[in-house]
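Chains as they are written, first to last, in the numbering used here: chain A, 1 to 438; chain B, 1 to 310.
Source of the hints: derived by calculation from the structure; they are not laboratory data. Ideal Cβ placement from N, Cα and C applies to all residues, glycine included. One or more hints might be untrue.
Unchecked claim - What follows is a set of in silico ranges between Cβ atoms, one per label pair, in the way DEER data are often shown:
no.: 1; chain 1: B; residue 1: K52; chain 2: A; residue 2: N252; range: 34 to 42 Å
no.: 2; chain 1: A; residue 1: K90; chain 2: B; residue 2: P154; range: 30 to 38 Å
no.: 3; chain 1: A; residue 1: K320; chain 2: B; residue 2: K203; range: 56 to 64 Å
no.: 4; chain 1: B; residue 1: P154; chain 2: A; residue 2: E194; range: 47 to 55 Å
no.: 5; chain 1: A; residue 1: G363; chain 2: B; residue 2: R247; range: 52 to 60 Å
no.: 6; chain 1: B; residue 1: N145; chain 2: A; residue 2: L385; range: 44 to 52 Å
no.: 7; chain 1: B; residue 1: L26; chain 2: A; residue 2: Y407; range: 12 to 20 Å
no.: 8; chain 1: B; residue 1: K252; chain 2: A; residue 2: I331; range: 54 to 62 Å
no.: 9; chain 1: B; residue 1: R247; chain 2: A; residue 2: W13; range: 41 to 49 Å
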Amino acid sequence: MLLLSSYIFYSWWDYRFLVLIIASTIVDYFVGLQIHQSNNKKERKTWLFVSLFFNIGLLGFFKYYNFFIESIIDSLTQLGLSVENTWSLKIILPVGISFYTFQTLSYSIDIYKRKFMPTKDFIGFAAFVSFFPQLVAGPIERASNLLPQILNKRVFTDEALSQGIKLIIWGFFLKIVIADRAAIYVNAVYNNLENHDGLTFIAATILFAFQIYADFAGYSLIAIGVAKLFGINLMTNFNRPYFSASVSEFWNRWHISLSTWFRDYVYRPLGGNRTRKWRWLVNLFVTFVISGLWHGAKWNFVVWGALNGLYLIIEVLLFKKKRKGVINIIITFFLINFSWIFFRANNFNEAIFIVNKIFTKPGYLYFGFGEDITAFFYAVMAIGLLILIEFKKEFFNTLFSISNSKYEIIRLFGYAIVVFIIFYLGVFGENQFIYFQF
Amino acid sequence: MKNIDFKRIALKTLKFVIIFVITDFLFGTLASKLFFNQETGKYARSTYVIKKAKEDIIVFGSSHAHRHYVPEVISEKLSKTCYNAGADGQQLVYHNVLQKMILHRYHPEIIILNIDEEFLFKSNKSNDRLGDLHPYYFDFKDELNATFKLVKQPKDPKLLFKSYQNNSTLIQAVKYYLKPKKTLNGYRPLYEKMTEQKLIAHKNTNFKKEYTKEIDSANIKILKEFINRSKQHNIKLVFFTSPNLIRKNNTKNKSLNLIRQIANKESIPFYDFINNPGYLNKLDLFYDPSHLNDIGARKFTTEVCKLINQ
């Protein structure tokens, strides 16, 4: 039932690409069994390579083929060679491909490392790969957490149901009230660069920081909430990241399922920090560059990843102790915001244009025109509310909380207010989640 | 379905629904009060037109209507009271519902509809902008539901809630409370004059058109409804297009040509000022290439009055 609903859900977008999920499922199902059954190290490695080749190949073709071709041609052109691009293809990026390929890859790698036993239940495994709440934008689950929950008899409790609904409501608040509202202003600025100056770019970038957080954390909460309705607990994906006092702390709180994936399957296999210092720093940098590339086949994403890698290297070199305090939180916030410029800009050249304007021509702050004139104020108001709530959770978590009140009426009233705010202040349009494009 | 106490869940859901309905009613009523108590701004103007206006002449249209028809001039030249109900960014679908809402209460003698060149083209945005009329949903359910049906928008169940009816109206209300923008019977003049530099900047800007060039059959129906309703209530209907600073070749504009044909067939006077030589290249009369400033608006309104008087 879970598998069927997941396949229907995916087919709703484009049924043709269901073939890819099924292929990835079949490959890793058999690879998992073969690796487990074999005691021959070489044979096990060969099977692992089958999984790596297939999944990375799939991702490589659909997501990176044109990027690499165009980059090579650009490089040759820079060298003075005239090359006509006849190799680029019109490729549609299948939704969720970056997420489910990583999920199946981790399954095969964990079996190879003897951390996990493969399942013989094909239907259960297929449901693990395609579990619809997290299929298109994560959290990227590990087999060790999700698969047993799918295979074993699920225990539903009305408590889980209630928790699930609360998470869904809060997820929608983040998405509809904050992300979609901020997007109106951010798009108005980032899509009309010539008309704006430094101050406006700073404001738009700060709003984008909250837009992407509210959009992605909102989606994650909805996914976690929906999964709870099926009696399944997904991993936490965000933990108030903008209260981080260092960039390394930020990456422990932001997109946790992806950060830990890269830590376990890229950074550590490269040697992690248990190696010579220069090699450790290289490992950090390489991991973040790959993470940037995972987000999108564009140079600005690569630079965004590299910039975060660079921040971490500087932290390793300069700070021996764990950083704390408001000043460090603010510094980290601005460093992360600087990197968001490269993430949000439509391409690398535009990102450089924005950075240049920020440092050379502050100009005046644009509040909006036409429909986006109120968007700025709505977004600021909603972000203020979010900061207040997260501040309370971060620093005064033991204080009174509406959602944990012992009086049911207060809890229900609290959520009724949230739904009221969604209806009263939300943006209701056809706005997709940002991470669907990855 | 172990450990699920369905009775408890049903009871809890019921409690939540009741609490939400009460919350929505209480806070929604506050939101409504805030909305309807606005004294200036676009919502104050639409509320006035829908709930209070008794003027002899009502002007409908987008920002071109809002900025180009001076009620003071009309009153002086025609000896009739006038209110300018033009609304920035709004298209035919909005004017049609607004007309229905007004006629619910009273019948003006004359309706001026300022025609935009793209009125009949397909535009999802113009349907989305019907949201400006959501706060009136409680009193005008039939009018709005009929329009949603016409533009093939599904009936939105969220409109049952006061919170959603008043969606995104808070900041506008606060904004106009803190910084009122008085109008002259709905008309809001633009005082700046167009300059050569602004004209060059305009020519260099690639304006993103929100319209396709595809005629939307729903818009044809809407225009015919607008005309028929005026006829049924014996209201004199007149179509005008507004002047432009730069000459436009509209001979192939399907929307404009079709409106002209319909007007002709229905015997509705249609006066086209788009390429009127009295305005072409006259920087002094314009605020931007398609909006007249106050001087231009007064000149244009005077000419409109002469034509209505004929």
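Hint by hint, here is what the structure shows:
no. : hint                           : result
1   : K52/B with N252/A: 34 to 42 Å  : violated, 60 Å
2   : K90/A with P154/B: 30 to 38 Å  : holds, 33 Å
3   : K320/A with K203/B: 56 to 64 Å : holds, 60 Å
4   : P154/B with E194/A: 47 to 55 Å : violated, 39 Å
5   : G363/A with R247/B: 52 to 60 Å : violated, 35 Å
6   : N145/B with L385/A: 44 to 52 Å : violated, 34 Å
7   : L26/B with Y407/A: 12 to 20 Å  : holds, 19 Å
8   : K252/B with I331/A: 54 to 62 Å : holds, 59 Å
9   : R247/B with W13/A: 41 to 49 Å  : holds, 47 Å
Consistency with the previously given hints fails for numbers 1, 4, 5, 6, ordered from lowest to highest.
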